[in-house]
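K.L.:
Sequence:
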Amino acid sequence: RARIRIRDRTVCAKAFVDTGNSLCDPGTGRAVHLVRYQLLKPCLDPEAGRIIEQFYGNISGMKKIRREQADISGIGFRIIPYHAIGTEKGVLLGITADKLVFSDQGRKYIEEGCVIVPYPGDPFGEQGYEVILHPDILRK
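In terms of the numbering used here, the sequence shown is residues 14 to 153.
Please note that the accuracy of each hint is not assured.
The list that follows gives simulated cross-link-like pairs (lysine to aspartate or glutamate, EDC-like), each with its CA atoms no further than 16 Å apart [to be verified]:
1. 102 - 38
2. 112 - 125
3. 27 - 117
Label-pair ranges, simulated between beta-carbon atoms [what the hints assert, rightly or not]:
4. 99 - 18: 29 to 35 Å
5. 102 - 133: 16 to 22 Å
6. 95 - 138: 14 to 20 Å
7. 25 - 133: 18 to 24 Å
8. 97 - 51: 17 to 23 Å
Please keep in mind that the hints were generated in silico from the structure rather than gathered at the bench.
Glycine included, C-beta positions come from ideal geometry on N, C-alpha and C.
Sequences and hints are given; from them, build the entire structure.
P.N.:
In structure tokens form, the structure reads like this:
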């Protein structure tokens with residue numbers, strides 16, 4: 014299970030560590046975790062949610078985010094490049110969470126100021142996962 018805190022709100026969800034997740038924030042070098050957008054939506058102010066929805070609904074939204082340097086209500090957006098099968102040069106929109114706690118087999122792994130991608134798609138599988146963690150979380 015993972016617990017994610019953004020400002021004064023916390024959400025909990027079923028999570029797993031994906032050893033194939035090599036996403037990294039090019040600006041900070043920090044590992045990036047994927048989180049189902051609908052799970053995080055209650056933690057975000059309406060304007061931040063609108064920008065995320067605009068971004069994934071229309072990639073030209075990326076220009077607006079870069080132009081504004083979108084630091085809305087304390088949530089700084091991060092541009093995360095990626096590549097995958099069928100996507101040679103993709104871009105994800107990340108935000109900084111205050112804290113992420115992953116509990117597994119009686120151990121807790123804590124990461125503060127972590128980068129997460131509130132993702133509206135469904136790479137999460139049929140097992141009910143809502144968070145895909147970068148393997149670096151196990152080093153915390």
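K.L.:
Against each hint, give a clear statement of whether it holds in the structure.
P.N.:
Hint-by-hint comparison with the structure:
Of the supplied pair hints, the one linking residue 102 and residue 38 holds, its CA atoms being roughly 15 Å apart against a limit of 16 Å. A distance of roughly 4 Å separates the Cα atoms of residue 112 and residue 125; the hinted pair therefore holds under the 16 Å criterion. Restraint check for residue 27 and residue 117: satisfied, since their Cα atoms lie roughly 11 Å apart, inside the 16 Å limit. The hint said 29 to 35 Å for the Cβ distance between residue 99 and residue 18, and at roughly 34 Å that hint holds.
For residue 102 paired with residue 133, a C-beta distance near 19 Å keeps the hint of 16 to 22 Å intact. Roughly 18 Å separates the CB atoms of residue 95 and residue 138, a value that falls within the hinted 14 to 20 Å. Range check, residue 25 to residue 133: Cβ separation about 20 Å, and the 18 to 24 Å hint holds. The given range of 17 to 23 Å is respected by residue 97 and residue 51, whose C-beta atoms sit roughly 22 Å from each other.
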